[in-house]
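J.: Sequence:
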Amino acid sequence: MDTSERVSVKRSTRRAFLKAAAAGVALGPQIVRAQTLGVNAPSKRITLGIIGCGNQAEQDLKQWLPMADVQVVAVCDVNRASHGYKNDKQFLGREPVRDMVQKAYAERAVSGAFKGCAAYTDFRDLLARSDIDAVAVITPDHWHAVQTIQAAAAGKDIYCQKPLGLTVRDGQQMVKAVRARKRVLQTGSQWRSTAFLAGFRKAVRDGVVGTPRRVLTYVAENNFKGPGPGWQPMPVPDGFEYDMWLGPAPRAPYHKDRCLYRFRFVSDYSGGQTTNFGHHAIGVAMWVLGLDETGPDEVWNMGAEWPLKGDLFDTATKVHFGCRYAGGLELECVTSPKSFGVRIEGDKGWIETNGRKIEASSPEIAKAVPGTGSYGEFVNHYRNFIECVKSRGTPVESVEIGHRVSTVCHLGNIAMKLDRKLRWDPKAEAFPGDSEASGMLAQPHRAPWSYNV
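Residue 126 is where the sequence shown starts when you use our numbering, and the numbers rise one by one after that.
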């Protein structure tokens, strides 16, 4: 790690930092009073640290920065900045995101200046700060479990982007850690917090399509292509701590298509669009149909397609799997130009939404969900997290729910890879008598990134 990049803990070990904090030594930026920012003092200000400073963090920060009772006091990323690497406006880094935070607060401050956001390379330094209430984990999927578990151990509440872990085992350990430490965790899948989809859910539960028999969920097409077979390693860009980026994943040669957004298409770091858009769509379907506390009994491949052998990218180029729940309800997940959507088919017709509008088998069914949806409603999800941090309540998509949704996505990936029907025990969270499939429920972690809870 480049210690010159650290803020507030220069030349200090984490042990020294904690010792100093316990003694009351001010090592971090002062928490700015609401009046300094020109707003009324809230009953309790929540201090927030951001772990992962890519384009998703930028979108998440746009929700939290305007909140008067939230102050972002620290950011962390292994990428210093995107200069000479990627377009700054798309892939950021700790310095641009720190500057974004400070600019937002400076615009609200009476003085017109603000320098109270620290930037870290190592997330453990951020977690060592006793003045941080909660963290947002917005890193690649392979980091979600380790960082969430360490955040819970540090006494932080957590907003973790979906999916909850790279594997089913990851999710199980995240649930265990959050429960053991009595922390609040909100899964970063925002559609459940929109009034429009709440109306969709109510209509289905009120019987607008009769008894649901089949659910179709849509995921986006891959928006990048890999370098293809024969790809060659590349030099690591200046300011990018590549070994730390790999973290618990296997050691591997650097290539630009392995990192930043494109990590999503390499199975050492992500489950592809199955665990990306799939988590959104499958999560909405489970919420609508009351499946949050269970899982399917069977799962099977329905025609997945894959990159060429030898390509760096190895997640499905076309997602297509199905699963069956107790009682016979079937759920299908498929790649579609629609990118995101849920269709519920019942014995009286069907109704479908992309989160913003409704399609249906008849005008009468479509009228059951009035109005249109908006991405602007996503702020409700971020707000719900903050309110639960204060109240110690259960958020809209808790760690248990997020894990259940992620599990269906992981099961789909396993079935597509093995290309056969699999039996699943949703209570035991196991493939009974299937050692091959069971071996795919976890991945080994590279030292020192174990996650013993």
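Calculated directly from the structure, the hints in this document are not laboratory data. Note that this is a predicted model, so its numbers are computed, not measured. Don't take each hint at face value.
Stated by the list, open to error - Distance ranges between label pairs, derived from CB positions:
id, residue 1, residue 2, range
1, K434, G474, 37 to 47 Å
2, D331, K169, 51 to 61 Å
3, Q181, D363, 18 to 28 Å
Unchecked claim - Calculated pairs, EDC-like style, for lysine to aspartate or glutamate (alpha carbon to alpha carbon, straight line, at most 16 Å):
id, residue 1, residue 2
4, K443, E502
5, K301, E525
6, K169, D256
7, K546, E457
8, K443, E525
9, K169, D194
10, K542, D363
11, K434, E457
12, K381, D363
13, K482, E502
14, K350, D436
15, K546, E423
16, K542, E430
17, K473, E484
18, K443, E457
19, K443, E430
20, K546, D559
21, K187, D224
In this text, a Cβ means the ideal position worked out from N, Cα and C, and glycines have one as well.
J.: All the hints need checking, so say for each whether the structure fits it.
T.: Each hint tested on the structure:
A beta carbon spacing of about 44 Å between K434 and G474 agrees with the range 37 to 47 Å that was offered as a hint. For the hinted restraint 51 to 61 Å between D331 and K169, the CB-CB distance of approximately 38 Å leaves it violated. Restraint check, Q181 to D363: a C-beta distance of roughly 24 Å satisfies the suggested window 18 to 28 Å. Only pairs whose Cα atoms come within 16 Å are accepted, and K443 paired with E502 is rejected, the gap being roughly 30 Å.
Between K301 and E525, the direct Cα distance comes to roughly 9 Å. Compliance with the 16 Å bound is thereby established for this hinted pair. Taken as a hint, the K169 and D256 pair is honoured in the structure, with Cα atoms around 13 Å apart against an allowance of 16 Å. In summary, the hint linking K546 to E457 is supported, as the alpha carbons are separated by about 14 Å, within the 16 Å threshold. Note on K443 and E525: the hinted pairing is violated, with a Cα-Cα distance of about 28 Å set against a maximum of 16 Å.
Our distance criterion of 16 Å between C-alpha atoms is met by K169 and D194, whose separation comes to about 7 Å. About 37 Å separates the Cα atoms of K542 and D363, which puts this hinted pair outside 16 Å; it is violated. Proximity of K434 to E457 is assessed by CA-CA distance (about 26 Å); at most 16 Å being required, the pair is judged violated. For the given pair, K381 sits about 13 Å from D363 by alpha-carbon distance, which is consistent with the 16 Å threshold.
Between K482 and E502 the CA atoms are separated by roughly 14 Å; this keeps the pair inside 16 Å, and the hint holds. The hinted pair formed by K350 and D436 meets the criterion: a straight-line CA distance of about 10 Å does not exceed 16 Å. Distance check on the hinted pair: K546 and E423 sit about 7 Å apart at the alpha-carbon level, within 16 Å; holds. Between K542 and E430 the alpha-carbon distance is near 10 Å, which keeps this suggested pair within the 16 Å criterion.
Straight-line distance between C-alpha atoms of K473 and E484 comes to about 15 Å, which keeps the hinted pair within the 16 Å bound. For the suggested pair K443 and E457, the alpha carbons sit about 13 Å apart, so the restraint of at most 16 Å is met. Taking the CA atoms of K443 and E430, the gap is about 5 Å. The hint holds against a cut of 16 Å. For the hint linking K546 to D559, the alpha-carbon distance of about 11 Å falls within 16 Å, and the restraint holds.
The straight-line distance between the Cα atoms of K187 and D224 is roughly 13 Å, inside the 16 Å bound, and the hint therefore holds.
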